[in-house]
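Protein chains in written order, with our numbering: chain A, 1 to 116; chain B, 1001 to 1110.
Calculated from the structure, these hints are not laboratory results.
Note that this is a predicted model, so its numbers are computed, not measured.
Accuracy of the hints is not assured; some may be wrong.
[Claimed, not checked] Capping the alpha-carbon separation at 20 Å, the derived lysine to aspartate or glutamate pairs in DMTMM-like fashion look like this:
| no. | chain 1 | residue 1 | chain 2 | residue 2 |
| --- | --- | --- | --- | --- |
| 1 | B | Lys-1069 | B | Glu-1017 |
| 2 | B | Lys-1026 | A | Glu-58 |
| 3 | A | Lys-65 | A | Glu-54 |
| 4 | B | Lys-1026 | B | Asp-1066 |
| 5 | B | Lys-1097 | A | Glu-58 |
| 6 | B | Lys-1097 | B | Asp-1083 |
| 7 | B | Lys-1097 | A | Glu-96 |
| 8 | A | Lys-65 | A | Glu-96 |
| 9 | B | Lys-1070 | B | Asp-1083 |
| 10 | B | Lys-1097 | A | Glu-86 |
| 11 | B | Lys-1109 | B | Glu-1053 |
[What the hints assert, rightly or not] Distance ranges between label pairs, derived from CB positions:
| no. | chain 1 | residue 1 | chain 2 | residue 2 | range |
| --- | --- | --- | --- | --- | --- |
| 12 | B | Asn-1038 | A | Gly-16 | 28 to 36 Å |
| 13 | A | Val-116 | B | Asn-1018 | 40 to 48 Å |
| 14 | B | Ser-1039 | A | Ser-59 | 41 to 49 Å |
| 15 | B | Leu-1075 | A | Gln-38 | 40 to 48 Å |
| 16 | B | Tyr-1094 | A | Pro-8 | 28 to 36 Å |
| 17 | B | Thr-1067 | A | Ser-1 | 23 to 31 Å |
| 18 | B | Ala-1081 | A | Val-3 | 24 to 32 Å |
| 19 | A | Gln-14 | B | Ser-1068 | 49 to 57 Å |
Glycine included, each C-beta is placed from N, C-alpha and C at the ideal position.
Listed below, chain by chain, are the residues.
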Amino acid sequence: SAVISQKPSRDICQRGTSLTIQCQVDSQVTMMFWYRQQPGQSLTLIATANQGSEATYESGFVIDKFPISRPNLTFSTLTVSNMSPEDSSIYLCSVEDLSGVHYGYTFGSGTRLTVV
Amino acid sequence: SQQGEEDPQALSIQEGENATMNCSYKTSINNLQWYRQNSGRGLVHLILIRSNEREKHSGRLRVTLDTSKKSSSLLITASRAADTASYFCATVFYTGKLIFGQGTTLQVKP
C-alpha cells in the first residue's frame, strides 16, 4: 500500500505567521486530500488537491487561508496562513490507495500544530 | 461537514468483551469504511464494505451495512487492551471524497 511521509510532525507557531505542511507519497496518485482534526473532534475535509488544477475547497475553507500546492503526482503542500489559536489542530493528508488489499485510504502521520 | 453520527461517543469495556459501535449517515454512498486512530496520530484503515454488501469480516472485526436505514455497525470481538483507540466510520462518495463520522472512543481495561 502507499506510504506517505508528512512533515513536520508537530510545530508551535506564533499567531499571525504561516506554516507549510508537506506530504510526499511513494507512488503517483491522482487526488490528495487534506483534513483538519480539532482537539477531541473528528476529521473535517479541507480540500481535494488534483495535480495541474486548483484545489477544490469544502464549505468553510478558503484558498487565502489554506493555500494548497500540487506540483506533481507524488507531492502536495498545505499552508495554514495568518494563524490564530483557533487553528491549533492536527492536519492530515490522505490518498486513495488502489494498490493494497484493503482498498482504503492511506493517511500521513499528521502534523500537530499549536498556535500561541 | 460531518456525514453522520456515531454512537456511543465513548465506550469502556473489560478485556475479552465485545465492543459494538454504530454509525449513521445521510446520503447515498459508494462504500463505507472504518478507521482506527491511536492517541491523535494518523489513521489506520480497518475494513471497507461496499454499498451492495451487507456484512463483512476481517479477523476479530465484523461490519454490517444497512443501506435502507443508512447505518453501519462495527463489532470487535474478544477485545484486547491494544484495541484502545478512537474508531471512525467514513463514507465514500462517487467523487472519491471521504467524509468522517464523529467517532467512538473505546477504552479496553486489562
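Here is what the structure says about each hint:
1. B:Lys-1069 with B:Glu-1017: With Cα atoms ~27 Å apart, B:Lys-1069 and B:Glu-1017 exceed 20 Å; violated.
2. B:Lys-1026 with A:Glu-58: 17 Å, holds
3. A:Lys-65 with A:Glu-54: 14 Å, holds
4. B:Lys-1026 with B:Asp-1066: Within the cut-off at roughly 12 Å; holds.
5. B:Lys-1097 with A:Glu-58: 10 Å, holds
6. B:Lys-1097 with B:Asp-1083: Given that 20 Å is the threshold and the Cα spacing comes to 27 Å, the pair is violated.
7. B:Lys-1097 with A:Glu-96: Between B:Lys-1097 and A:Glu-96 the Cα gap is close to 9 Å, so the pair holds against 20 Å.
8. A:Lys-65 with A:Glu-96: 25 Å, violated
9. B:Lys-1070 with B:Asp-1083: Violated, at roughly 26 Å.
10. B:Lys-1097 with A:Glu-86: 25 Å, violated
11. B:Lys-1109 with B:Glu-1053: 33 Å, violated
12. B:Asn-1038 with A:Gly-16: 28 to 36 Å: Roughly 33 Å apart at Cβ, these two residues keep to the hinted range, so it holds.
13. A:Val-116 with B:Asn-1018: 40 to 48 Å: 43 Å, holds
14. B:Ser-1039 with A:Ser-59: 41 to 49 Å: Because 29 Å falls outside the window, the suggested range is violated.
15. B:Leu-1075 with A:Gln-38: 40 to 48 Å: With Cβ atoms ~29 Å apart, the hint is violated.
16. B:Tyr-1094 with A:Pro-8: 28 to 36 Å: 34 Å, holds
17. B:Thr-1067 with A:Ser-1: 23 to 31 Å: 27 Å, holds
18. B:Ala-1081 with A:Val-3: 24 to 32 Å: 28 Å Cβ-Cβ, so the 24 to 32 Å window holds.
19. A:Gln-14 with B:Ser-1068: 49 to 57 Å: Given range 49 to 57 Å: holds, Cβ gap about 52 Å.
The structure fails hints 1, 6, 8, 9, 10, 11, 14 and 15 (numbered hints given earlier, in ascending order).
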